[in-house]
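Colleague: Just so you know, the sequences run in chain order A and B. For the first sequence, our numbering gives the first residue as 222, with consecutive numbering after it. For the second sequence, our numbering gives the first residue as 12, with consecutive numbering after it.
To be clear, the hints were calculated from the coordinates, so they are not data collected in a lab. Misleading hints may appear alongside valid ones.
Simulated pairs of lysine-lysine, PhoX-like, Cα-Cα distance not exceeding 20 angstroms [what the hints assert, rightly or not]:
(1) A/431 / A/401
(2) B/165 / B/192
(3) A/488 / A/430
(4) A/226 / B/18
(5) A/460 / A/488
(6) A/268 / B/86
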Amino acid sequence: MYDIKALYEAYSVEEAVRLLAAHPEAQIIAGGSDVLVQVREGRRAGKELVSIFMIDELRGVTMEEDGTIRIGSLSSFHTITYSPIIQEHLSVLGEAVDMVGGPQIRAIGTIGGNTCNGVTSADSASTLMALDAVMEVIGPEGKRLVPIADWYKGPKKVNLGPAELQTAILIRKESYEGYKGHYIKYGMRNAMEIATTGCSVNVKLSADKKTVEDVRIGYGVAAPVPIRARTAEANAKGKPADAETAAAIGRDVLLDVTPRNSWRASKDMRLHLCSTMAQRAFTEAVRKSGGEI
Amino acid sequence: MEDRQYKMVHCYVNGKERAAMVDVRSSLTDMLRNEFGLTSVKKGCEVGECGACAVIIDGDCYDSCIYLAVWAEGKHITTLEGLEGPNGELSDIQQAFVDETAIQCGFCSPGFMLEAHHVLKPGVIYTDDELRKKLSGHLCRCTGYENIMRAVKKTMYQRAGMEMPVEEDRIPLSVPIEDGKVVL
Ligand SMILES: Cc1cc2nc3c(=O)[nH]c(=O)nc-3n(C[C@H](O)[C@H](O)[C@H](O)COP(=O)(O)OP(=O)(O)OC[C@H]3O[C@@H](n4cnc5c(N)ncnc54)[C@H](O)[C@@H]3O)c2cc1C
Ligand code: FES
Ligand code: FES
């Protein structure tokens with residue numbers, strides 16, 4: 222038995238908004254793989270919960286008319302990894318979420334929960350940063366779109382107002398077309414492990430595959446919230462897609478990241494990881510794009 | 012004390028239509044054990060780490076300890092009891108666990124066997140690394156995993172109608188003894 226004060230079940234987005242407005246103290250539960258664990262730990266014991274788990278309209282990956290990929294917030298990691306749309310256009314995201322926990326966690330955990338928990342180690346976060354994702358939010362005032370750059374407000378704090386819920390994550394065509402990405406998760410074990418640091422790199426090469434037209438570098442656990450390495454990105458744009466540029470990225474990311482000491486790893490260890498992982502993820506993304514490096 | 016909330020949940024468990032009135036604070040583990048007497052569903056860590064409580068819901072494997080009982084409404088659920096034959100005959104994966112001594116205390120076994128049953132699609136052969144990844148949501152404190160892997164592989168080859176390849180580096184389980192001496 223969980224220590225829950227009351228459970229309110231929503232079967233539609235409108236109902237969820239209504240329940241959240243009627244119970245201002247209540248917290249959202251999606252797949253529950255963070256919430257129910259925290260209820261057991263006592264951190265969230267005795268709270269009112271609004272369950273959105275039964276809102277089936279929020280599940281699944283679809284392609285909109287303008288080429289935007291729409292990932293319903295309740296889509297599980299398995300749904301994303303096995304989605305043909307993701308496999309064809311956003312394979313890096315499918316691969317990244319396939320590194321979460323273990324198979325049963327990937328069956329229940331949702332991408333909405335993974336981004337609304339505001340956790341820097343969330344395995345989808347760095348890749349969504351590197352993809353310039355846009356969060357769709359619905360609340361009492363209606364719908365709004367939040368670029369991921371404005372999403373994270375601090376550790377465990379995201380850009381959600383009272384009675385609002387995230388309904389989808391959108392990836393625009395211009396953010397993925399012509400790009401290939403690679404995600405690296407560093408952990409002490411191969412499974413059932415939270416990332417010590419995670420790095421996701423997207424690149425777009427010139428037609429002859431020799432020049433870096435664009436590069437986007439996202440990190441988890443390189444700062445209190447997921448971040449982009451903007452300095453390294455700006456410096457690498459227009460450079461040759463070669464080992465020298467990879468090495469320069471490895472140096473330049475150190476101007477962007479601000480990792481801390483934690484029981485999982487020291488700051489120095491994480492700085493080394495940030496540098497090495499960016500180099501390797503960039504190199505792999507260039508290879509996936511058809512470049513020779 | 013708050014007024015307790017109860018809800019009627021209807022679902023299909025091991026192929027049978029079932030209904031139960033549950034306290035909304037129940038986990039699916041609570042409901043399966045207490046309402047339906049399905050004690051193969053173990054309470055291990057109860058925080059999604061060990062897989063002892065795993066069940067199959069609508070074709071995927073979940074930890075029932077981090078799943079609200081009320082979410083089971085309308086779902087098709089399989090527990091290890093559902094793999095047995097009508098007269099309690101063991102399924103192929105259960106027999107393989109017995110034959111390969113893949114069980115010591117047995118606490119992790121239902122979860123492992125159910126996951127293996129779910130993962131092993133007839134005719135599909137996985138590498139050891141792929142199998143390890145597919146079983147990685149289960150912890151065993153006793154066996155050291157070697158015999159579990161062997162039992163799962165044996166069933167995988169059986170389901171594919173193939174002989175299991177001989178493992179070159181296998182340490183014999185029993186040492187041959189002649190005249191009271193070990194034969195090496
Ligand atoms: C054993 C175990 C291993 C794990 N390993 C990993 C790992 O390797 N990598 C990783 O990234 N995570 C891991 N996790 C954490 C967790 O599984 C993920 O963060 C998952 O994505 C959470 O999704 P959920 O649907 O279960 O979220 P929930 O627990 O339901 O919710 C999480 C938070 O988000 C809020 N929320 C959820 N959905 C919405 C929404 N649509 N709108 C607004 N707010 C919302 C909730 O209020 C809550 O604060 C692990 C968890 C467990 C138990
Ligand atoms: S008891 Fe459910 S995962 Fe351990
Ligand atoms: S046999 Fe005891 S935990 Fe696996």
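Colleague: Hint by hint, note whether the structure agrees.
Modeller: Hints and how they fare:
1. A/431 / A/401: Satisfied, since the Cα-Cα distance of roughly 15 angstroms is no more than 20 angstroms.
2. B/165 / B/192: violated, 32 angstroms
3. A/488 / A/430: violated, 36 angstroms
4. A/226 / B/18: holds, 15 angstroms
5. A/460 / A/488: Answer violated: residue 460 of chain A to residue 488 of chain A is near 30 angstroms, above 20 angstroms.
6. A/268 / B/86: It is violated: about 27 angstroms lies between the C-alpha atoms, which goes past 20 angstroms.
Against the hints set out earlier in the document, violations occur for numbers 2, 3, 5 and 6.
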